[in-house]
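**Student:** Turn these sequences into a full structure, and let the hints guide you.
As a plain string of letters, each chain reads:
Number of protein chains: 4
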Amino acid sequence: MAKFANKVRIGILGASGYTGAELLRLLVRHPGVEIRVLTADRKAGAAVETVFPHLAGLGLPPLVTIEQADWSQCDVVFCGLPHGTTQEVVAKLPRHLKVLDLSADFRLADIASYAEWYGHAHRAPELQKEAVYGLTELWRDRIKDSRLVAVPGCYPTAAQLPLVPLVEAGQILADDIVIDAKSGVSGAGRTLKETSMFAEVSEGINAYGIAKHRHAPEIEQGISLAAGRPIVVNFTPHLMPMNRGILSTIYVRLSNGAQAADLRGTLAKRYADEPFVRVVGEGVEPATRHVRGSNLCLIGVFKDRVKGRAIVISAIDNLVKGASGQAVQNMNLMTGQPETLGLDQAPMFP
Amino acid sequence: MAKFANKVRIGILGASGYTGAELLRLLVRHPGVEIRVLTADRKAGAAVETVFPHLAGLGLPPLVTIEQADWSQCDVVFCGLPHGTTQEVVAKLPRHLKVLDLSADFRLADIASYAEWYGHAHRAPELQKEAVYGLTELWRDRIKDSRLVAVPGCYPTAAQLPLVPLVEAGQILADDIVIDAKSGVSGAGRTLKETSMFAEVSEGINAYGIAKHRHAPEIEQGISLAAGRPIVVNFTPHLMPMNRGILSTIYVRLSNGAQAADLRGTLAKRYADEPFVRVVGEGVEPATRHVRGSNLCLIGVFKDRVKGRAIVISAIDNLVKGASGQAVQNMNLMTGQPETLGLDQAPMFP
Amino acid sequence: MAKFANKVRIGILGASGYTGAELLRLLVRHPGVEIRVLTADRKAGAAVETVFPHLAGLGLPPLVTIEQADWSQCDVVFCGLPHGTTQEVVAKLPRHLKVLDLSADFRLADIASYAEWYGHAHRAPELQKEAVYGLTELWRDRIKDSRLVAVPGCYPTAAQLPLVPLVEAGQILADDIVIDAKSGVSGAGRTLKETSMFAEVSEGINAYGIAKHRHAPEIEQGISLAAGRPIVVNFTPHLMPMNRGILSTIYVRLSNGAQAADLRGTLAKRYADEPFVRVVGEGVEPATRHVRGSNLCLIGVFKDRVKGRAIVISAIDNLVKGASGQAVQNMNLMTGQPETLGLDQAPMFP
Amino acid sequence: MAKFANKVRIGILGASGYTGAELLRLLVRHPGVEIRVLTADRKAGAAVETVFPHLAGLGLPPLVTIEQADWSQCDVVFCGLPHGTTQEVVAKLPRHLKVLDLSADFRLADIASYAEWYGHAHRAPELQKEAVYGLTELWRDRIKDSRLVAVPGCYPTAAQLPLVPLVEAGQILADDIVIDAKSGVSGAGRTLKETSMFAEVSEGINAYGIAKHRHAPEIEQGISLAAGRPIVVNFTPHLMPMNRGILSTIYVRLSNGAQAADLRGTLAKRYADEPFVRVVGEGVEPATRHVRGSNLCLIGVFKDRVKGRAIVISAIDNLVKGASGQAVQNMNLMTGQPETLGLDQAPMFP
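Those protein sequence lines, which keep their order, are chains S, B, X and Z. Heads up: the first sequence is residues 84 to 433, going by the working numbering. Heads up: the second sequence is residues 84 to 433, going by the working numbering. Heads up: the third sequence is residues 84 to 433, going by the working numbering. Heads up: the fourth sequence is residues 84 to 433, going by the working numbering.
Please keep in mind that the hints were generated in silico from the structure rather than gathered at the bench. There could be a bad hint or two in this list.
Each pair may be met inside one copy or between any two copies, as identical chains are not told apart.
EDC-like cross-link-like pairs, simulated, lysine to aspartate or glutamate; straight-line CA separation at most 16 Å [to be verified]:
hint: 1; residue 1: K86; residue 2: D228
hint: 2; residue 1: K86; residue 2: E357
hint: 3; residue 1: K126; residue 2: D427
hint: 4; residue 1: K390; residue 2: D259
hint: 5; residue 1: K212; residue 2: E171
**Tutor:** As structure tokens, this is what we get:
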């Protein structure tokens, strides 16, 4: 049952970043939408192709400022603005718009936690109550009827998809979770910073934000809900020389007599009908290159040689399932379209 | 006017290489085809996902040997076998099949030239007469009605698209063409060789096959036809650390009073209605990352500081417009489908 | 006290691999040695520069077969042959030679464990008794007087340097160690394999050999010795797109009331006078790019947000401290030369 | 004959960029120098390792502002400041200092040409008369006795070393030279810019600065001197995903009956005794990975299939022979030390 008689009219706030580019890549060939408004304050007045030459010739509207945007032209807005500024911008948007926010500004239900991790009081606490956390496979029913969806962070997506069902099943110890995550550079966005420069990233790897990365409370929010009590996890992100992809190698302690095979069983059952989550066969190692450009999440489960332990590995494309793809998936749900519409690309390898 | 009442049934010979993977990526979401037969001799009996884990879950048929293939199930065959063995294999295929050969075996119309460059006599000289050279934008009319298409090499595609119209227009000197081409590693195929190993390729660049690369006679065949006399060109390929893409920087000498702007005019006019060739604006530098994953060819023209010279640059994805994408484009023509069907992906950046 | 009146005369068995190239890079400017014999069976008769063009012009001897090697010309032999064949080759070498073996063939003191992990009985059990494990900082005194040194594997070096002192100090629980290691591709050697090809490695990451990698028993041998009882550890290696480097992110459970700062203290004290091991300051993240080309091992210690846990990170260049550099370091000890001789290169960045 | 009784005391202006890091890497183990002063205005007060963690532990002096620098402590200053600001800074330095400037500010002897290409009048025209162009192999005698050396640009080094002897010999047509150059990203420096970011560079290549790059007049200055008349060349730089290295593929037209072999002969003879320039054997393709980290320039000459043409290829490490290495080479000359001192590293591969 389509909620929209015609094509859904789309606006994108902050279209000049990598998540913006990825939204455009996905939406230009999405059969159920029309792209009407693109904002990029510093590039207002320019054609999209001056910012993204690869998107030339697609008939996209020109970039405008937020003030210039005519929201009466839109049904749905994707928001790709930086953390911190988003709350105020979204608060000012007309209420007829459905909003998918790709920033962190509405991800933490607890505004005190937001203030602690982001260094300032929440600027739209009323809106926060309305916001739904957009990890589609886990919150599909709430997303469907929501107006404001907080699209999850890339790391939290890759961590929660494998972990939440296992914690819910009581098969792993929620207090003993180690998440070693490796990310491509696009996750850091298009903002200029030394740590994103080619010569600083290529031919190397390092951990960063150790024990203080802002995605930790987001992951813990999901795991705590699953466990029914406050949980703290180890989350250690690493920056490595690739454009796209997150691999999460998760080390868990088994509980209640569960074995690695039981974990695989739980995940396989939970995701059996999911179009975008695939539990790979025994012995198959999930690799980011096998999801590149797609909305897929691969999950593998491995026996550990250490007694009472198992290893769970997930792989996503941080710009697709970890950001823009999941946003489109949620938009499909919110607008009554088939959930997979516009997201049927096979991964691109090599 | 569709030539096929139902979906076109596809077979792929040699499906386990990179061009095979790329064909599958494009064809699995092509609305006008069904994939029926996949051969891969050394992997016969295995599922596609054992060879290409990124193509799991797409309902593809299992890999079989050439002998096991049931060609009555197919209307069209793509052939991704190595050079040399292809002629004999294609010669044995039933005549009801339309064939798109991605090897070099049918690209040189002159079988003496083939013998000279490939080191053995042509093994299917009768078929060669039937073969049509599949550079779509240049030979569309002949391709449409052909049964056997030799899909051009990646380098020759990137070189001929900009050069042929300029030579035909008499605006450049055909005898003074320098083609400096830079290619990603997938162009060398999936066959194991030291020069394709990560540690031998990354963090470096080198020219190879200097003045003796087998794509030289293929390029010269096209330029000679355009010039109406035998032409020899400088063609110098380079191997560089990227997966996909060819950038051809072409140095030409102007003739008949033409200026760089005239060259751009000729190309812009020639390709004005082409969906996959785009002459970029003045000052815009074609980049391989702007065509990644798409069937596009970008062409730019630049004034040279040296009097009487100009620089023409083309960029393609070697696996798409340089191989599998162009093959699909030709297949669409040969089967009466819209030429762009299944090829509407926007480039993937970053 | 120099043991050699003149320069130490060096032979290298298996000089055509990456560890061979790295030995040559280090040894050609080592003031205390002369390179006399280089073997490479399949390349015998060729000049080194046909195998390694970057080593042209250095006056190196030609490649010969093992049979052709004149060992009377050598005092010390480095052995870079594949696992399995090395035991027999080393057993046949004249006893006047000091031997540094870079394969795994003499690393496991327990020949039953060797047989279990390497799939065949040890072929030189008598020699095994003589072999000394060459993790220099931990076994310096035994190495000094040894004739046969088993140079540690790259992963075991990166794991044991931080872990052994902590286990010995009783500050971490030896039974709850998770080692998540990320390696560059040169660690897989120069042998042709699909998983080492550029297009299979670049733009991606995956774990491999999960819970069954052959470096696990080697790490456990060292940890068990430190703990005084048999220990099993989690060791999960990952392959990532860089030429050189290993980063080990190690997750440990604190014991006996120790805090992260205590761990740093223990390591700082242990390695205070070591020229090649540096415990970095609080908050500094070890990165492989900061040791590239050098014999350094960086170690960082971080508080975990999970109570009772800490994170220890080490970074080495797998070809230097993880292989050829450590071999040279040991050779210096064995021949009475200053330990750092020939190993004073600053890291190369970018 | 040493000009300095003791070690040469070194200062580096602008030590926090990539050429600064490379100077430090080379100088810390140079037996004839002591590093006394390091300036980095925005980082003044910090230890070098806060800017370059890979240079920790080497006993380097702290970073200071230019004003804080005590030049009485120095004999020689390397200047790694940006173009434009350098002239004024160098003009204010005490005259007892020998100066090696790595910027472009003193490279163009013709100050009108400088003004045209750099957009402002030369700010130290008197000093310009004193400046010597530091392409060591070509201007050794003048460099030896100079006080101020303009260290050549990376591209001009890679272009002039092969071209100047050929033009001088009259074996190629100076008016028909095409230089297609491919550079690693470190050549763009450490300054933040979008085009230097990992996600904008990796997996792609593009030409830039076409027919207007500032290294063109520098190359032409050298070729014009060799030809004895004003020459304009085609110079087309490309940016590609590697940290270090420049490969110049140079297309030349033969003159006076010369053949490719004659060109090789001329170059081989000219550089026979040069420690850092190597003319490779027939058929050997120069590759940047074979000079990585070294001060070498490799040159290869190839027959072209086009009659009357040849291909000359050079490879250097842009940060060594293309910048800091050549600066050290010149410093050695200027201070009466052996020219190769501190520059004997073998290339690092892989």
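**Student:** Taking 16 Å as the upper bound on the Cα-Cα distance, should K86 and E357 be classified as within, between, both, or neither?
**Tutor:** neither (23 Å within a copy, 37 Å between copies)
**Student:** Pop the pair K126 and D427 into one bin, within, between, both or neither, using alpha-carbon distances up to 16 Å.
**Tutor:** neither (31 Å within a copy, 27 Å between copies)
**Student:** Evaluate K212 and E171 at a C-alpha cut-off of 16 Å and name the case that applies: within, between, both or neither.
**Tutor:** For K212 and E171, only the intra-copy Cα distance (15 Å) is at most 16 Å; the inter-copy one is 60 Å.
**Student:** How do K86 and D228 come out at 16 Å by Cα distance, when the copy is not named: within, between, both, or neither?
**Tutor:** within (11 Å within a copy, 46 Å between copies)
**Student:** Within a copy, between copies, both or neither: which one fits K390 and D259 at a CA-CA cutoff of 16 Å?
**Tutor:** both (14 Å within a copy, 10 Å between copies)
Checked against the numbered hints given earlier, this structure breaks hints 2 and 3; the rest are met.
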